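**Student:** Take a look at the letters that make up each chain.
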Amino acid sequence: MEKETVIRMEELTKRYGAQTAVNRLSLEVLEGEIFGFLGPNGAGKTTTMLMLLGLTEPTSGTVRVCGYDPARDPLKVKELIGYLPENVGFYEDMDARQNLRYIARLNRIPDKVSAGRIDRLLEEVELAKEADKRVGSYSKGMRQRLGIAEVLIKEPKVVFLDEPTIGLDPDGTNRMLDLIQGLSRERRMTIFFSSHLLDQVQRLSDRIGIMIKGKLVAVGTLDDLAQRGLGLEEGEAYTLEEIYMKYFKEG
Amino acid sequence: MRGIFTIYQKEMEDHFSSTRFLLITALIVMVGVIIASMVGMSMQEELRGMAKPDFIFLLLFTSTGKLFSFIQFIGFFGPLIGIILGFDAVNRERTGRTLSKLASQPIYRDAIINGKFLAGMTMIAIVMVSLVLIISGLGIRLIGVVPGAEELGRLLIYLVLSILYISFWLGAAILFSVVFRSTATSALASLAVWIGLSFFIGLGGSLLADAIAPMQQTADMAQAQDSFVKNAEVQRAASLLSPATLYGDATSTILDPLRKTPRSFVLMGPMERISLSRFQNPLPLIQSVVIVAPFLISLVAITFACFGICYAVFMRQEIRST
Ligand SMILES: Nc1ncnc2c1ncn2[C@@H]1O[C@H](COP(=O)(O)OP(=O)(O)OP(=O)(O)O)[C@@H](O)[C@H]1O
Ligand SMILES: [Mg+2]
Chain A
398 MEKETVIRME ELTKRYGAQT AVNRLSLEVL EGEIFGFLGP NGAGKTTTML MLLGLTEPTS
458 GTVRVCGYDP ARDPLKVKEL IGYLPENVGF YEDMDARQNL RYIARLNRIP DKVSAGRIDR
518 LLEEVELAKE ADKRVGSYSK GMRQRLGIAE VLIKEPKVVF LDEPTIGLDP DGTNRMLDLI
578 QGLSRERRMT IFFSSHLLDQ VQRLSDRIGI MIKGKLVAVG TLDDLAQRGL GLEEGEAYTL
638 EEIYMKYFKE G
Chain B
10 MRGIFTIYQK EMEDHFSSTR FLLITALIVM VGVIIASMVG MSMQEELRGM AKPDFIFLLL
70 FTSTGKLFSF IQFIGFFGPL IGIILGFDAV NRERTGRTLS KLASQPIYRD AIINGKFLAG
130 MTMIAIVMVS LVLIISGLGI RLIGVVPGAE ELGRLLIYLV LSILYISFWL GAAILFSVVF
190 RSTATSALAS LAVWIGLSFF IGLGGSLLAD AIAPMQQTAD MAQAQDSFVK NAEVQRAASL
250 LSPATLYGDA TSTILDPLRK TPRSFVLMGP MERISLSRFQ NPLPLIQSVV IVAPFLISLV
310 AITFACFGIC YAVFMRQEIR ST
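Protein sequences, first through last, are from chains A and B. Take the first sequence: its letters are residues 398 to 648, numbered as in this note's numbering. Take the second sequence: its letters are residues 10 to 331, numbered as in this note's numbering.
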């Protein structure tokens with residue numbers, strides 16, 4: 398069965414004054430894939446996501462998400478996607494349920510429908526016990542999990558996660574990664590996530606894109622990257638770190 | 010429009026639980042009621058045993074007590090309600106990092122602004138209507154007169170004018186909350202514009218008038234008069250830039266039927282002087298409306314202009330959660 402292209406970028410460029418944050422990026426992500434977007438700080442990962450979401454306008458190039466142009470058809474795109482921003486914020490005076498219900502209402506999900514979904518999601522992200530506390534009192538890990546619940550409440554086809562594990566402790570990181578993996582396996586969601594942490598990208602992704610200083614320097618499965626980047630034969634041992642450092646030095 | 014009602018609902022809840030809004034409103038309602046009831050009590054004294062003049066009920070709102078009349082007070086401090094409701098409407102979501110989440114939901118960005126504006130406007134309407142109702146209730150008890158149909162009509166127009174006027178300030182404050190990323194900056198900017206347009210334009214106007222058309226102290230009466238008139242006209246022209254002045258003129262025309270022009274200084278020839286003294290009849294309601302209509306239109310127009318700028322800035326703004 399031929400898989401559909403869910404995200405397509407062609408020659409995508411974003412400039413801020415003289416600085417080029419994203420430089421002629423061309424990339425496709427297929428349905429059901431977990432795509433890991435790897436790059437150091439300032440590489441342009443967030444900027445790329447913002448262009449995919451229609452939260453900033455590209456300087457040039459084209460973007461299609463599920464076949465729609467986020468700048469032209471913002472609502473079509475936003476109905477289909479879920480976005481977890483880099484530093485997600487909440488309405489601190491409301492509890493987890495109220496925050497989730499607000500997002501559900503903005504997606505025109507009736508309260509009757511969302512009530513059940515909210516309960517299930519809170520179980521899933523292990524916040525059921527704290528659901529009635531003010532979000533202002535939540536720890537970083539709890540906030541991040543609530544953020545995931547907010548992304549899922551609208552049952553999106555494509556999920557964009559910007560550094561989903563940032564600031565989490567090892568245990569929290571593991572739980573988050575399992576959660577993300579579950580989304581892809583059980584709900585067949587397409588996942589586009591960014592990180593600067595090699596081991597996480599390695600563990601989760603079907604395919605990896607390495608971005609350095611605004612340029613996509615390599616893209617493919619881990620094996621592809623090893624063969625092309627390091628010139629290794631199949632079966633030879635390597636780590637993503639070796640590949641990454643090689644590109645990093647070249648970049 | 011999609012999402013606008015959801016946002017409206019949430020904003021209303023926020024306003025009702027916002028301490029600073031409740032504080033400033035309580036203060037304004039309190040002072041407003043005190044001013045009007047002082048006027049009511051002195052009227053009660055003065056009118057004892059006398060025939061009640063026409064439109065006595067409206068005097069509650071227009072006569073000057075110790076310092077201000079009620080409508081002057083609202084003209085000065087009403088805008089604060091609009092500013093408090095709007096100055097951090099958008100940048101609060103930006104600093105709280107909820108804006109990128111909000112903007113990635115399937116709603117148009119103008120729904121965010123419109124929902125917030127409508128919620129603020131509803132709060133303004135609630136405050137103004139309850140203020141006028143409280144004062145009317147007090148007035149009926151104090152002076153024992155029930156307002157007639159025309160007086161009610163005039164009060165209604167006053168309410169519409171005031172709600173629109175304060176909403177203009179709400180719109181301006183929301184514009185600042187879009188333009189400035191920090192809530193402190195947008196608060197200061199709103200206050201600066203409020204003070205500038207409400208208080209200093211009068212001052213600047215008279216300075217300008219003295220510079221352009223100084224009053225001459227000559228023995229020639231005609232010439233002195235002439236220069237006096239010119240000076241006043243320049244001052245008047247400058248004050249037209251101030252929404253506060255326009256609003257003050259409009260409301261006093263509406264609530265004081267004996268006023269026939271919004272101007273405080275009228276150049277009168279002998280005929281006008283005669284007509285004023287011979288035909289001391291109140292202006293019919295419809296005529297008062299005609300006088301304030303241009304003000305109403307220009308108020309709505311500048312509010313829309315605020316919105317236009319707001320949309321233009323916000324629609325294309327990058328929304329980053331850092
Ligand atoms: N509004 C802006 N104006 C000017 N330059 C900007 C702006 N936003 C981002 N940049 C620049 O664009 C580049 C890419 O930024 P971006 O946030 O996309 O990086 P990133 O890969 O997400 O990094 P991080 O890992 O730190 O989140 C950076 O060099 C940054 O300085
Ligand atoms: Mg980033």
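Note that these hints are calculated values from the structure, not bench results. If you're wondering where the values come from, they're calculated on a predicted model, not measured in any experiment. Please note that a few of the clues may not be correct.
Straight-line alpha carbon distances no greater than 20 Å define the calculated EDC-like cross-link-like pairs of lysine to aspartate or glutamate that follow [to be verified]: (1) A:Lys-530 x B:Glu-22; (2) A:Lys-526 x A:Asp-490; (3) B:Lys-19 x A:Glu-639.
**Student:** Quick one, are Lys-530 of chain A and Glu-22 of chain B close enough, alpha carbons at most 20 Å?
**Tutor:** 18 Å, holds
**Student:** Regarding the pair Lys-526 of chain A and Asp-490 of chain A, is the alpha-carbon distance no greater than 20 Å?
**Tutor:** Given that 20 Å is the threshold and the Cα spacing comes to 18 Å, the pair holds.
**Student:** Hinted pair, alpha-carbon criterion (20 Å max): Lys-19 of chain B, Glu-639 of chain A. Please report holds or violated.
**Tutor:** 51 Å, violated
In this structure, the one hint that does not hold is number 3.
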